[in-house]
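Colleague: Below are the chains, spelled out letter by letter.
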Amino acid sequence: MFYLEHLLNILIKNPFRLIFFVLSSIFLIQVVLNPESLLSFLKIEQEVKSPYFNALVRSDENIEDLARKLRELPSIKRVTTISEKKIFDELNKTLSEITPDSKEGLPEDLKLKGLKVFFKKDASKKAQDLTMEYLGRLIGKEKITLSKVFNQEDLKKLKTNKTLIKKEYLIGGAFALWIMSCLLFVKKFSKYTYLLESYQRARLIKLKLFIALICVFMIPLFIYNFYIFGPPLTKYLMILVLFSCLGVFCMTRKGWAE
Amino acid sequence: MQNTSEKILTQQQLQPSTLIELSNIDLFYKKFHALKNLNLQIEKGQILFITGASGAGKTSLLKIIGGELKPTTGKVISFSKDLFTTQIFQDLKLFPKRSGRENLEMSYDRKVYKNKIEFREDLEELSRILGIYDFLELKMSEANGGLKQKIAFLRAILSRPDVIIADEPTCSLDTENARKIYDILNLYNVKRGLTVIWATHNKELIKSFSGKIVHLDRGKLVYSGHACFI
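So the protein sequences, as listed, match chains X and R.
338 is the number of the first residue of the first sequence in our numbering; add one for each residue after it.
332 is the number of the first residue of the second sequence in our numbering; add one for each residue after it.
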């Protein structure tokens, strides 16, 4: 409670710095752990290199569970989910393009969600077919609509004029932003903890306050990512190393004592 | 029998016990010899004034006692395991965008105070003695030097330390206000056995007080004795 209280105190007195730090940390974690979901959330088109197919399922099906089961397959690179609203809008748009004079839209009770399943580059045709068949068996063939698999040649034809962004650039940008926010935040954090350590009998306040900060803001994000997108453990380790470096940097700064 | 042991205990309590000992301290800043073979014993409940001209090594000595600086050679021995030392910094180290009260609340230690009410009572009483109670809500960026100095002093004293290290705590204050600060330190010295280590230029002020004086001249300890003999 003592540490949470002081964390809140730092937050209230330095809202810009702390919010900037927390947001840039969330951004960095999300970019490293699951760039696809972030790119689709930000509505940024990604450079597609892997073959993929789309699937439409009824909204009452557990789409996250389906996605998780698919991710466990060896030939799958990644799986993204598409919301009900996005599907409805897309279908409405397509319908109005096909029948521009029609006043009737889609029926209100048409509730569908989507899956975009990306194969690894080296996934064989047989593996692709087996995956689609597995998906059909998982949910029932009558409850799912599958597209064809779009391979390299199809992708070349499909390429649009939309801005493409490489994952690497996004990670680089997020990292630069995070470093900037760290420098701004650590300065205030060190000053505050230096005074606390000067006037309180508790020990290792700086370290404990830093751990409290990580627990409050970062751990929930880790759990969310782990539960929803599965465990790319090396990436989690990477994040952990980054935050440990920040922790060491924090501990070595003397705040006001120089 | 019981009487004798009580008597011995009282005698032991009355005997000054060494709290911190500095032995053969030398300090170099690159080639500059800041402190030269300094030996000093600080006793529990003592009021120790460190005097000397600017650059004599007062701040360096305080930093060594406070553990902020390591001597180049020599030893600093603390005879108490749970010794809690606080400092009144020369540059005050106050949050400029926070009010006096908010700065003071950094000292609210749950290990010392039963609850926040007790802390606030102490805060109120001491701030009234210093005559700053009405200015506690003022932001430090808007406060004058004297008020800032009093807040910094109060913040240190409110943490109820065993040892207080003060680097020129009254340099922005007139003699009357400096005396108020000294009176509070003296009160805590008598009431709680607070040990005070105070660096100052103000010889006129310390002449009238009891306590030990250590005078430094270009890093060398040249006088150590009672304040009244200066």
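These are computed hints drawn from the structure, not numbers from a lab.
Among the hints, erroneous ones may be present.
Here are some chain R residues pointing at chain X (derived, C-beta under 7 Å) [said to hold, decoys possible]:
1. L414
2. F415
3. T416
4. S438
5. K445
6. S490
7. D493
Quick caveat, the model's predicted, so the values are computed rather than measured.
Ideal Cβ placement from N, Cα and C applies to all residues, glycine included.
Colleague: Would you mind marking each hint as holding or not holding in the structure?
Modeller: Status of the hints after comparison with the structure:
1. Because the closest C-beta pair between R/L414 and chain X is about 11 Å apart, greater than 7 Å, the hint is violated.
2. Evaluation of the R/F415 hint against chain X yields a held restraint, the C-beta minimum of about 6 Å falling below 7 Å.
3. A least Cβ separation of about 9 Å between R/T416 and chain X goes past the 7 Å threshold, and the interface hint is therefore violated.
4. This hint holds: R/S438 has a C-beta 4 Å from the nearest C-beta of chain X, less than the 7 Å allowed.
5. With a cut of 7 Å, the hint placing R/K445 at the interface with chain X is violated, because the nearest CB-to-CB distance is about 15 Å.
6. Look at R/S490: its Cβ gets to within about 4 Å of chain X, closer than 7 Å, so that hint holds up.
7. Look at R/D493: its Cβ only gets to about 10 Å from chain X, farther than 7 Å, so that hint breaks.
In summary, the numbered hints that this structure violates are 1, 3, 5, 7.
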